[in-house]
Structures are given as structure tokens and as C-alpha cells.
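A.B. asks: Fit chain B to the known structure of chain A by using the hints.
Given next are the chains, with one letter for each unit.
Protein chains: 2
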Amino acid sequence: MCRPSRALTTRVIGATIGSSLPSRSSKPRRQLSRTFGTSAACLQSTPPDIERSGDKRVIEKSQSLKSHNAPFPRRSHHCGSLSVKDAGSSVTLTGWLLPGRKVGKALYFYPLKDPHGTIQLAVSSAVGGGETLELMRSIPVESTVIIEGVVSERPPKQKRALPGGDIEVTVTSCTLLNPAEQPLPFVPSDEYNLPAEEFRLRYRYLDLRRSVISGNLRKRSQVAHLIRTTLHDHGFVEVETPVLLKSTPEGAREFLVPTRTATSTPSVKSSIGATRRESFTQPLFYALPQSPQQPKQLLIASGAVDRYYQIARCFRDEDGRKDRQPEFTQIDLEMAWVSWGDYPSNNNYGQKDSDSWRIGGKEVRETIEHLIRKVWSAVEGIELPSSFTVMTYEEAMGRFGSDKPDTRFSLELQLVTDRFPQPVRDALANEDQILETLVIRSTDTQFKSAAEKVGLYEAAMSDGAYMVRVLSDGTLNTASRDGSFGILGTPSTVRDALELNPGDTAWLAKRPRTAEGGSTALGRLRLLLATLAQAAGELVLPAAPHFLWVTEFPLFTRADPDKEFLAHGRWSSSHHPFTAPMWEDIEKMYDGRIAEVRGQHYDLVLNGVEIGGGSVRVHDAKMQEHIFGKILQLSEDEKASFSHLLHALRCGAPPHGGIALGFDRLMAILCKTESIRDVIAFPKTGAGTDLLFKSPAPVESEDVLRQYGITQALVVDA
Amino acid sequence: MCRPSRALTTRVIGATIGSSLPSRSSKPRRQLSRTFGTSAACLQSTPPDIERSGDKRVIEKSQSLKSHNAPFPRRSHHCGSLSVKDAGSSVTLTGWLLPGRKVGKALYFYPLKDPHGTIQLAVSSAVGGGETLELMRSIPVESTVIIEGVVSERPPKQKRALPGGDIEVTVTSCTLLNPAEQPLPFVPSDEYNLPAEEFRLRYRYLDLRRSVISGNLRKRSQVAHLIRTTLHDHGFVEVETPVLLKSTPEGAREFLVPTRTATSTPSVKSSIGATRRESFTQPLFYALPQSPQQPKQLLIASGAVDRYYQIARCFRDEDGRKDRQPEFTQIDLEMAWVSWGDYPSNNNYGQKDSDSWRIGGKEVRETIEHLIRKVWSAVEGIELPSSFTVMTYEEAMGRFGSDKPDTRFSLELQLVTDRFPQPVRDALANEDQILETLVIRSTDTQFKSAAEKVGLYEAAMSDGAYMVRVLSDGTLNTASRDGSFGILGTPSTVRDALELNPGDTAWLAKRPRTAEGGSTALGRLRLLLATLAQAAGELVLPAAPHFLWVTEFPLFTRADPDKEFLAHGRWSSSHHPFTAPMWEDIEKMYDGRIAEVRGQHYDLVLNGVEIGGGSVRVHDAKMQEHIFGKILQLSEDEKASFSHLLHALRCGAPPHGGIALGFDRLMAILCKTESIRDVIAFPKTGAGTDLLFKSPAPVESEDVLRQYGITQALVVDA
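Keeping their order, the protein sequence lines are chains A and B.
Each step along the first sequence adds one to the number in the working numbering, with nothing skipped, and position 280 is 280.
Each step along the second sequence adds one to the number in the working numbering, with nothing skipped, and position 167 is 167.
Here chain A stands alone, though its shape is the one from the complex (with noise of 0.2 Å):
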């Protein structure tokens, strides 16, 4: 194919320190007039010519070579934005040159990266009087140009099915602007031999120009921005709320934030035998909020705004765990007067239905259905259902042994304390327990074989539950761990209370008749055997993303000794103790029947993983001391922490709830990554360690936390 000649000018490369500006013309002008020969295919991930920038002649070379210092033209285009439309063009383009191939004797390809794409550049020696091409030969990969050329389509045999795969810019003019050293520490272009993630963490700044982390950086913005956009056209208001907050007593640990402007007056400590005078300063604290949950109640309870948002950085200063970061990022929101909706004139309301939201919270519902479906919509190009399916967390329990159940697939657990005789039932009812059992029939074409695989091992291992498995010869195999399973009579009674045939298999365990907790022996068995059923290939779940919201769940829970400085009695909040709870166990909660009572709590479950949770708050100042003092037993101090909130209840609060989404989860399951670094710009590792900062650190001098009233703690080992 023959291309049209055409005046070139080459420009002076590698500014030097405190040049004069560089000239356009300071070159003659050539007449580029040559026959392009085939070209290979440009994008390709390693063709067998590349030019290999650990190369000993290119790494001396770029070692002479200099920044770009002095004044440069703007960008016409971004890499990825030209198509076949712009042929003929004159175009300026900045990016990072990557490795560059012969493809003629003359004539040389770079693909030339930013952000928005790749393009393949051509390069000829006739340019500049083959300055140019000498230039681009010795730029180090991962170096940043700027490229003056004109778009031409390529020949039809060396099109590729690629963005701007049809297209390549004919070089006239190149200018270094800032050459990357070599080697370096690794190559983000190269994908295939990418280092280990904690080396990568270290260089983040390589790291990031990898395609698919860029690419997520850029979904997550676009993200956050329609999910405000949509909330501003629900008159949301955005509210930012103090990230130097105070320290409560409220659930995992905070951050401390020592301060210098405030410290208080010395508590005078006598010291014995000594004539100096020794006192300690006190020293205060700010502590970083680990979800702005006070501010957002005080800030409805106010009236200033009847609708909040704010996608906020929240803290938890937790031991590491896997794939938790120290900070995170939540889409947090809070509604005044959140009703039931059209009640009373919903006929429905009351009815136990197994899609029906029963509590309050109606608005928070809708704002974040809403929210979710034009997400899905606008990137995931899926539209979901108009209204999300709806399940007490008593359902949840009982049905799928879990207080987020994966309703991908239909495996189902049953209740069958009814299909015992008479005194297996009393044992079980005075125990107050219930028998459950999960089955697996031979004619199951989607768990037969992983239930095969889960076997006599895992049946015994899954904490709790007794196995039974009817042989193809009919004879019974049994496991568990526990000899509590007697009752039950011989493998046979269960086998016939079952109703069991040939190649069945049965699991079955006992549990509290009131749910707790989060899952159940058999809840856990069941997504094992999903687990085992997809890595066989039986089990195919469907790609449509199930959500789901889980309600009622209970409000309060036996006291967890985690949780002991927020409960000094029995019970413990399941949330947080200002969840309402359901107006029909109001008066159970004030009779002492704590168990019993409900909360106005709502989680939203998609694919079995909890991605947000909120409720309808206490707007009773009433109550909620009743929840303090009498049920959560809290101590003065405590309760003094929420004097506050509760004199803000007091003050004519409207009744309010609200929702927080976990805005990196989100993104994470958005960008179908299983790490939450993947969608984070700047991660930190398990164990809250920044690779690329380097932080946390040491202070440089003891007089610097002084200057805090604080000192490094001395350890004494008698």
C-alpha cells in the first residue's frame, strides 16, 4: 500500500538545562516519500523482534538522556480517542512509549499507551533524517513522549480487532519528556511477569499504570459519580462530617489522635523521697470515626437536612484481617420521617408474606434499590427487578443456615424435628432445639458428586452435623462428631424418618429453635457443597447478580465478651444500640422478653455477601435510655459518651433511618476482582502496613511526642 508523501519536520530532543526554547524548524525540512511495507500486527503482547529495554546498549544509551524542561505544545487527542474517522489528521500525543518492533528496513512500530488507550505509532528512518527514529531506538521503555504525526488507516490485512487496531499515527516529530529509568523495577506493560503483589505494592506508582488497575480506578470515579448524581436527584444533600471526631465506646477500636493545641492541666502526681516536682500532663485525643454514625443522627435529628449523604472515609482500627483495609470507604446515608410506606392503606402490611418489608425504612428501601438498579444498568448493562426480594432473618436462617444467603442456587435446608418420634422431639424441645437437615438425593444432578466429595471426612468435620448416606447396596454409612445424635435412634430410623433411598445422603444438626449468629452448621455445608458442586462443573450459577435484603433480624444478642464495654449485662446490641426495634416488640423489649424482641435492622445481600446494612434509628430519648441503662447496662461514662445524641433526641428529632454501603466491596464485586487493593489507589496490607509510604513509621524525636504529652511507654519485665 502506498502512502501519501508528506512534509515532515523533525523537533531538537532532550531539552538541556536552561535552553533556550526549542525551535520547530532548527532542522531542515525532509520529504518522508517511501512505500510502507506489511506490517506485523502492533499490540500484540510479546512479538518474537521486540526491543528489549534491559538491553546493555539502550540502558547506556538512556542514561545520557535528559528530561524535557522547557515549554511544550498541548495534546490534540488521547491515545485511545482517535479512530478511522481521524485519517489524514495532524495529531499531538503524550504517553509512555512501550517496546518498539522492526517491521522494515526502515521502518519501526511503538505503541504509544495513556490512560484512554494504545496506538500504534510508525516510524520511519526518513524522518528528521533519521534523528527520530535514532531517538525513539534509544528511549527507554515506560519513558513519556510527545509525538507529532498524521492518522492513516492501516491496510485492511493489518487491521486488528483492537481499539484504534485499524488505525496508526505516522511519525513527524518525537520529544522526550522524561525518560524512565533502567531497569526498572519492574515493567507494568509486560503482564505476564508481573511480581508478587507486595513487591508491586511497593512501586505503586508502577503498579497503578497496569490497564486493569487503571481501568478500575476509573470505573470506581464513574461509580461514585452516578451514585451522587442519583442521590442529588433524590434530594439527598451531601454533608461532610468531622474525620477528627471523639473516641465511643461503640464497636471495634478507634484510631487516637493525640493533639498539641489542647492539652489539659497537669494532674500533680507526689513523688516520694525526691525534692523536684514530677506531674503528667494529660493528654487528649481525637479519635477517627468508624462510620459517621452520630454525626448523621445529630445532623437529622437538627432538621438542616432531611436527607443525607456523603461517601465517607471511615477508620477501624482492627487486628489485620485478609482483604480489610484501616480505612475504608462507605456511601452512607440517612433520611428523616423514613415511614412504612403506603400503610395503613397497604393491605398487605401485617400479613407474614415472604417478599414483604414489614418494618420501617420504606424510603431507605427504595433510595438504595433505585441507586443499585442504575449502577447495574449503567455498568453492568443489566436491569434488575423493580423492587429487590425481601426475608426475615428467621427465614434466612431456617431456609439457608445463613443471615446472608447466596440465593444463586436453590439447595435448601428443611425443618424436620416433626418427622422424629414423640421422644426425640420432648429431648429436642427441652433442649429448646430444633432438628434441621439438608439432602442431597442420588437423582440431584447439580450436588450428587460434590456431595460425593464432601464425604464421611467433611460431614464429620462440619461442625456438628451428623451424616447419613444411603450406599447403592443400601446399606448406611454414618459420621459425626458428636454423640448427641443417639436420640435420633438407629441410622435406619433416619434413614426411614428421611425417607431416604439408595445414593441419598443426608446431614443433619441440631440448633437453637430462636436462630443466632450468622450462619449454622448446615448453612456452612451448604455453601461447601456449592463450592465443590462449581468446581466439578455441575453446578453453573447464574450470572444475573441476586440481591436481597434481610430483615428482623433479632435486636440484641447474648453478650459477646468482644463486646463487653458496650454490654455489662446479658445482651449486647446485634448492630448498634440505636436501632429501633420493630414497634410490635415494644412492648416485650420494656416486659424484659429481650430474646423475643425484633429490630428495625435491614442488610442488603447480593450473591450471599453482605455489601450494606442499616435500620430505622431510636428517635424516643426514652427508649433509647432504656436501651443504655436498663437492657445494655452501660456505665455512666457510657452513657455520658451519648449525652449528646440522647439530648438531640430530645429536642424534637424527627423519627429517621438510614443505610451504609461498603463502597470498595462494591467496586470490587463492580470490577470482578476478589481484592478490595484492586479498587483502592493507594492499599494497605492486611496488616495496615503502607508499602509505598512506608508508614506507619517512628517519630523522629522523643521531643516531637512531647510536644503531644506523650512519651514511648516503658516495658518492664520483672
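There's no promise every hint is true.
Copies of the same chain look alike in the list, so a pair counts if it works inside one copy or between any two.
To be verified - Below 25 Å or equal to it, Euclidean Cα-Cα: the simulated DSS-like pairs (lysine-lysine) are:
#1 LYS622 x LYS639
#2 LYS362 x LYS453
#3 LYS105 x LYS374
#4 LYS639 x LYS694
#5 LYS157 x LYS639
#6 LYS588 x LYS66
#7 LYS672 x LYS374
#8 LYS66 x LYS630
#9 LYS588 x LYS374
#10 LYS159 x LYS105
#11 LYS246 x LYS694
Quick caveat, the hints were computed from the structure, so don't treat them as lab data.
Bear in mind that the values here come from a model prediction, so they are computed numbers and not experimental data.
C.D. replies: Only chain B this time, still in chain A's reference frame:
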């Protein structure tokens, strides 16, 4: 005026705890059929017959009122969204009940307020057998209620020119949702009886209910969203950068965050004459960022995005300054490939022109001008010019004696060295000084009386200026604190040199030939004159905002003892050490002519207030190292804290630049308030104290601190 009769129902009021669902029809239906009397104006601030909520009877009655915890219906409208078009509609409203007035034998008016507006409720004793009126009369002011009623147009005489002033809502039922305690600390709707700010900050949840603060928060949210939308439209990507960052020696003092999770190996310290072993743990800290400067530069260096923005929370641990907050918000952006614009085709380039942008970063300028135009158009209805005036630092200092000149008034300084005889000129030259003057002529209508007010005293006070006033009889008054003006000769010499006539006043001051710092004595005097001239009513500033770019600041300033941690030699960075020199001055920089080096820094000034600043950054690692090592003479440890940035520059960083605007200050200007606390939901005092959350505060116990490897510091007085 006769209103139509209508069947109305009354709802049982104030659900008791654990009560069954309130029934809509638990009271017999009644016919309301009466002629409404002439109603007085509602929404009037203190009508004579107002029902005072401090009334003892009301307080007693209200104490028996309970919060409503049972279901209630969805609201149908905002109080501010109703208009005459809704006349005849049944509505469900929620809001705060304000003090009512009796307007007829059996008719009361109550304003109902929500964040969107206020509407007049009309309630008759005929509704629900009088129970509704009785309830409403017992409801304390600022309580929250849910109202059902019917919208009607007011009789023409009763219409008021206020939003909603032409309609009212005839109440059919009222439910008290939450009673407000009596007395409240203050009544937010009673704007004429507000307590001092400090008191209101303690009860911020009441203060926020005031319409002015609530309006500010809504405007802030509107502007933030407009900014985000505009930046998204311009290809900017919002990226969240870490709040838990590493301490850097960059500027003002940082907040430290001690960590529990990562305490390094103890550094053993032997204890003399003791058998026990003592050791100090080495506590490790994050630091909160003063700005996202380093993360944003690393992000752009990475190439992940080429246009970054964030509305970012920043932290500064400064000793309390008036109108500063320890946490504040910046509109932060950074762009790769910022250029000289259409250079070199732009013929103005390099011309000495008072309105030319001769540095890089053209794309930053354009983005910000576009953004500001959008905001002023949407919020203020003002169409700003398509580009803002540009002035070099040198020109700003010469003409206005300020690096952030208020150009809304024209009073300018003049350079007058040359009007004096050679010996004077020589003396000034020896000191490398110049002589400037500010003259108010007797014919000046704007500043004449201000000049007289400033008088002898102020002239002497204005740090080093020399004043000469020609009285009407031709005699001369002079004032100065400083004998150094003797070189100018007698007052008559000065009068003649400046051609002063009777009634004229002139101030003279010397300053270094190369301008330094933020303002000169005459610059400060100029602002004082303007303040006095405004107070005298002679100077009226134009309503249109005056935006101005100030560019070409000196890159380095003589080291300031406050900044010693960033400069061990003679020089410190005027802004920050990442600012690039103007390319024309690079050679001077390497040659050690440091005072002459101008930076590619730009400040955005509005009406004499700096609202933002930024720069083109150094992208050349060798240049950055020269600045760190040779000019600022940083220690190895200090340089090490920038090592990741230097390495990122070496890995092919693109040329880049950015800016940050102070969002709190910008909003204070748009909300026409002097205090940024009025545009922050939960502000701290100037001393950094949060009076609502009562932070900072001591931690509960020493044990908590020990988890972080720290303890209270012991202070020893010998």
C-alpha cells in the same frame, strides 16, 4: 370567605409504647362546617398573641407527651413545595411545629417548618371534636409532627409575598412524632434571641435547624456536585487518596496517629543497678495529610489517570488561628501533560504583557476558570469573563503592595525613586531598595476622608511608612516612626518631588528592589484606606467579583526560622519544594542565582482573598534532587522521606501540575458569611475544640495508651 365543608377524621394521638396500630377510624367522624374568620398574617416573627412555649401549663402538659413509635404514613409534600396549584389537594406533611396564634374564637394558625420551607396550618376546634386543636396547643414548640390536611388558597387580603404565603393547610389530623423538651437551650426559629456562637456550637443540633445554616449546607452540597459534574465532563477522575499517610517534613505540623497493629521491635535500654529488664517499645505512627500533594503526584506519575480530582479532607495541627479549622476541605486537582497551551503558535508568548500567562499549566488555568464560571453562573447568576486577569507577582507587589491584590478599587502605588535627586537614588541603590508612594489627592472623592481618618497616627503606625500631608494653608505635616527618611531631604523636597498640592496626602515607603513576602507597608495601608473609605460611604465596591491570577512568584525565599526543618541553608521554598522553576530561569537556578528564580506557581485571588494556589511540578528527578540537596540542603533523612517521589519521577513520570482551592473559604464567600464555621456542619472552635462532641478528650485509661506503645509524658520541674 366561606370554605367548603369537608369530612374530616382525627387520629389517636401519641402512640403509647407497645400499643396496637393506631386506627384511622377510632374516633367518630365529624362534619367540619364553619366559616373561617379573617386570618392575620402568618410567618410573622413575633406576633403579639403568640403562644409562648415557656408557659408553665404548656410545659407540664408537654411532659406527659410521648414519642410516637408506631407506624405512620409517608409524607406527600415538603412544606416548601406547595403552591396555589395544590389548592384542594389532601396532603401529608411532616415538620417542626412553631408557635401558633389564636386568630378567632375557635381557630388557630401554626407555622409548620421543614428544611424546604414553612407553611401555615389552620386548625379549628371543630376538627375531631376539638381534640386536634387541644393536642396542637399542648405540643411544645420545635416538636416534630405529622399533619394531614387540605391545601387552600388564602383570601387575597391575607396573602403574603413569601414562599407559600398565598396558601394554607387546613388540618384534618395531627400526630405528635416527637415532643421537644421545654425549655430548649434556645429556640432556633426565634432568630432575634440567639445566644452567643460558643453556646450555639454546644447545641449544634439546634443551631443547624436555623434556616440560614441549613441553607448554607444545601448550597455547599449543590456547589460540590456542580464542581464534580463539571470536572467529570472534563475527563477528570475522582481518586481517593489515603488519610492515614506518613509524616513528611513538608510544611505546617501534622497530626500523628499511633498504631496498635504495628509496633516494632523494642529497643532495649539497660537500667542501671536494677535487676528488672526495661525496654522501650518503639511506637509507630501514621500522619494525617496536610494535603494530598504526594499521593496525587504519585498518581499522576503512575499514568493511571491523567486528570485527577478529589474534594479532599486535609488536616493541619496549627496553633489555633481565628477562622482556621484543624480539618478543612480542598478542591484538589492534578493534571498530566500540562503545557504552555498553543505555544509556540501563540505570538504573545514571552512578551512582557500584564495580562499574559507566561508559564506552563495552561490546562489548569482553563479548568479552574471554567469551573469558577460555572459556579458563579449557577449560584450567583453572574456570567464571569471567559478568562481572568493575570498579573505577575512583581507587578502585583509594585502596583498594589500585595501578592493577593484587591483590584475592586484602583488606588495604586507608584515607584518614585527617580523623582528624587541623585544622592537619594544612590543611597537607595546602595541598600538595594526602591522608594514607593501612595498619594491621595484633595480631589479624590473616594479616599479623601479616609486619608484624613488615617491621619498622623496611623501613618506612623503603618510599619515604616513616611507621611507627608499638605494642609490647606500650604503648611506640611509629616509623620514617621523611622529616621531613615532623612535622606529624602526636607518635607518640602518631598512635596515638590511628588507635586503635592494643598489637601494632598502622600505616604512613602522603601522596600527591597526584588519584592519579597506577601505585602508591603503601603499595600497594607492601601487596604486600610479602603476599609475606612467604605465605612465612610465614599468607596462602594463593585458587586461583580474580581478574579485574578498571580503568577511568577519567587521560587525560593530567604529561609524563615519557622521553616527550618525544610531548609538548612539560606533558602526555603516559597510554596513547596515540588514547584518547577520557570524554564527561562533554570540556568540561573543551577548557577546559584537563587533569588532571581521564578516559579511556575499560580495563585487564584478573589476580591483580595487567596482562594487557591498551585503550580507546575518538577518532573525531572535530577532537578528535584538538586533542589532538595543543593538549594534547600535537606538532610539525608529528609531526602529519604521523598525517595518514593523521586523514584516515581525516574520511572517515566509525565510533566504535570495542579491546584487546590479552599472549599470552606469559597463557600463562605458564596454564602456571604465571614466565618467558615457557618458553612461546616460540625465545626471546631479556633482553638480546635469541638464543643458538641467534647473533643479532644482524655482517653479512658493509661492501659489504652499502652496498647499503642505510648504513655503520658512525665514533666519534671527541677
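A.B. asks: None of the hints should be skipped; say for each whether it holds.
C.D. replies: The hints, checked one at a time:
no.	hint	result
1	LYS622 x LYS639	within (13 Å within a copy, 58 Å between copies)
2	LYS362 x LYS453	neither (44 Å within a copy, 65 Å between copies)
3	LYS105 x LYS374	neither (54 Å within a copy, 54 Å between copies)
4	LYS639 x LYS694	between (39 Å within a copy, 14 Å between copies)
5	LYS157 x LYS639	neither (76 Å within a copy, 54 Å between copies)
6	LYS588 x LYS66	between (78 Å within a copy, 18 Å between copies)
7	LYS672 x LYS374	within (18 Å within a copy, 37 Å between copies)
8	LYS66 x LYS630	between (73 Å within a copy, 19 Å between copies)
9	LYS588 x LYS374	neither (40 Å within a copy, 56 Å between copies)
10	LYS159 x LYS105	within (21 Å within a copy, 89 Å between copies)
11	LYS246 x LYS694	between (27 Å within a copy, 7 Å between copies)
Going down the numbered hints, you'll see the structure goes against 2, 3, 5, 9, while the others check out.
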